[in-house]
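Colleague: Please take these sequences and the hints and turn them into a complete structure.
Spelled out, the chains give:
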Amino acid sequence: MKLTGSKILLECLALEGVETIFGYPGGTVINIYNDLMDSPVKHVLTRHEQAAVHAADGYARATGKVGVALATSGPGATNTITGIATAYMDSIPMVVISGQVPTPLIGNDAFQEADIMGITRPVTKHNYLVRDVKELPKIIKQAFYIARTGRPGPVVVDLPKDVQMDEATFEYPDKVELRGYKPNYSGNLRMIKKAASMILAAKKPVLYVGGGATLTDAHAELMELAELTQAPVTTTLMGMASFPTTHPLSLGMLGMHGTYYANMAVTNSDLLIALGARFDDRVTGKIATFAPNAKIIHVDIDPTSIKKNVRVDLPIVGDLRDVLKKLLKQLGEKENEVKTTVDGLQPWHDEITEWREKHPMSYKASKSVIKPQYVIEKLRELSNDDAIVTTEVGQHQMWAAQFFDFIQPRTFLSSGGLGTMGYGLPAALGAQVAFPKRQVIDISGDGSFQMNSQELATLVQYRLPVKIVILNNNFLGMVRQWQQLFFDKRYSQTCMELPIDFVKLAEAYGATGLRTSKVDEVEDVIKKAFETDGPVIMEFKVAREENVLPMVPAGAGLNEMVLG
Amino acid sequence: MRHTISVLVENEFGVLSRVSGLFSGRGFNIESLSVAPALDPTISRMTIVTSGDDNVLEQIVKQLNKLIDTIKIIDFTGEDFVEREMALVKIACEDRNRAEILRICDIFRGKVVDVTPKSYTMEVTGAPAKIDAVMNLLQPLGVKELVRTGPVVIGRGPKGWKSA
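Here the protein sequences come in this chain order: A and B.
Per our numbering: the first sequence = residues 1 to 564.
Per our numbering: the second sequence = residues 565 to 728.
Hints in this document: simulated from the structure, not taken from any laboratory.
Since the structure is predicted, the reported quantities are computational estimates derived from the model, not experimental observations.
Heads up, simulated DSS-like pairs for lysine-lysine below, C-alpha to C-alpha not over 25 Å straight-line:
no., chain 1, residue 1, chain 2, residue 2
1, B, LYS626, A, LYS194
2, A, LYS527, A, LYS378
3, A, LYS339, A, LYS295
4, A, LYS518, A, LYS378
5, B, LYS630, A, LYS307
6, B, LYS636, A, LYS308
7, A, LYS182, B, LYS626
8, A, LYS203, A, LYS295
9, B, LYS630, A, LYS182
10, A, LYS182, B, LYS636
11, B, LYS630, A, LYS141
12, A, LYS325, A, LYS295
13, A, LYS325, A, LYS65
14, A, LYS518, A, LYS367
15, B, LYS630, A, LYS65
16, A, LYS138, B, LYS630
17, A, LYS141, A, LYS182
18, A, LYS175, B, LYS630
19, B, LYS636, A, LYS141
20, A, LYS141, A, LYS2
21, B, LYS636, A, LYS138
22, A, LYS295, A, LYS329
Modeller: Take a look at the structure:
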């Protein structure tokens with residue numbers, strides 16, 4: 001039987017196990033939207049294409065499945081770019097389908113035409129322009145395969161309107177054949193054996209864990225490795241929640257706003273074991289003084305990550321979970337040696353304990369004004385262990401990483417690489433679609449929230465009970481902090497002078513709004529929000545010029561922290 | 565340091581922009597790039613001359629490999645290979661230098677491929693250094709236009725890259 005391109009697309013999505021897509025209709029996808037009415041694939045209508053992509057991203061991060069977004073050509077597609085770039089920087093599996101003007105019009109500056117292949121090339125893992133309906137099943141198959149395998153990432157499929165209308169016999173290929181793409185999953189055993197002996201010889205090891213642990217669902221293996229070797233664990237922002245922050249071996253986050261003890265441990269370590277992390281500049285600080293005495297083992301599925309920023313003594317290319325399994329097997333065969341090594345780590349643990357006690361994560365509490373950190377602490381106390389937390393970007397994001405505890409995997413969704421303000425609300429929307437029964441909390445600032453606040457409408461329409469925390473300081477706080485510290489307090493364009501009534505905003509959309517500026521009401525507001533059905537905005541008027549500390553100034557070494 | 569690499573890619577729409585975009589986006593240098601279908605017509609073979617230290621070259625090779633459309637990369641650094649470039653040169657000529665131009669053409673085993681009363685167009689093939697040398701001699705005689713293909717390379721010896 002012959003099917004139209006738009007029907008074929010939806011058949012393919014169903015066969016890929018896609019349950020929900022996020023999108024926004026328009027002229028060049030109207031055929032797809034028409035057929036969507038008869039398809040088992042559910043659709044969530046966001047209020048902006050950028051939000052559709054962030055929602056698909058949040059859905060992907062929370063579930064591990066490929067997120068799918070759909071947008072029309074031209075402005076619809078250009079609106080997706082920030083979302084695609086966000087997913088690309090954080091290696092999130094995603095397929096974005098954009099409509100395109102009919103093939104005979106491509107290149108003619110047609111109405112709502114944009115060169116999406118050209119625009120998305122540098123921010124996608126791969127992209128396709130479908131020029132023949134017969135190619136469509138193969139391309140969709142490849143798109144999903146590329147998105148979720150190897151180092152995951154977003155794939156764009158640009159689908160011209162005439163191809164959606166053309167007919168072809170539908171047959172979904174069962175195999176993908178790409179001669180240029182064969183990701184290497186299996187870590188080299190010789191290298192893994194070497195890693196085992198380096199671990200056994202280390203006196204001051206640190207496990208430095210990135211987003212790869214979450215992407216490969218290697219949480220159990222990571223826990224086993226940490227407990228077996230008793231190596232302390234520090235995570236990047238992307239690695240957050242891959243190892244419980246409440247575990248005695250957890251050092252919390254490292255880097256620019258990492259804990260004092262994580263940064264000191266890395267600086268003084270003799271073996272740094274990088275697991276699915278990529279030595280981002282926000283993590284390393286000044287390269288010359290980064291872990292100067294450490295041998296570095298780097299496990300990553302992407303060879304380009306290795307030796308890109310730092311020297312590496314032992315590179316292992318492979319799937320992190322596979323490598324950890326093999327490494328555990330190697331160490332398991334050397335029980336006595338492991339025991340000797342672990343016994344020898346006591347002075348290292350003592351040293352770390354000293355750092356912990358000297359400068360624990362803390363802030364100056366206040367009875368008169370709400371400290372943003374206090375709100376995060378209360379949220380941590382009052383939320384469920386499996387609550388999913390999303391953030392926007394800025395001070396609140398760092399406070400969330402510093403003061404919330406992440407116990408279960410895939411519970412912290414944040415734009416790490418690109419640093420996209422406006423990510424958190426639509427990502428929370430996507431996560432809530434995936435897990436309707438779990439608590440989903442967007443921790444936000446007043447600046448970031450306004451970048452995608454229109455998604456309140458989507459939350460209310462689909463009855464998605466996302467709880468939104470706005471730490472309102474009427475500032476673009478992180479930039480203001482930099483201006484305070486490095487630009488002589490010249491607050492250029494960072495004061496949000498118009499105070500927004502976020503309670504009224506919530507109510508305008510049919511959501512619930514709560515607000516307080518009193519310290520002793522914080523707990524009640526959070527409790528009330530959690531008890532309320534449907535989406536709630538909790539607006540906390542917080543200390544306006546509170547800073548995120550500790551802080552490693554840009555370009556300084558990790559041991560040159562400004563402490564609180 | 566100068567490096568020559570061959571990149572075998574899917575002979576598909578947009579591949580050249582993926583490769584050139586990678587170079588510009590990551591700040592890698594391209595001295596020359598030439599591309600045409602390989603022995604297997606579904607494959608294109610690019611010869612790229614680039615420069616950078618060992619770390620840069622390692623990143624270039626890894627990043628190229630990461631492109632889905634890249635099938636194979638041959639890095640000729642430290643290898644024994646044959647390198648050839650072709651140039652077409654248009655030279656203004658008057659009676660007094662016609663003979664001289666032909667002599668130079670002869671010495672470099674070039675060919676005159678177009679003649680008019682006022683010009684010669686010469687074809688020269690060789691390693692890039694040879695083209696440079698012939699240009700040095702021709703320049704004072706009045707070169708009007710120069711087109712160089714950029715070098716293409718192939719490894720010496722019996723070993724061949726299948727379908728390339």
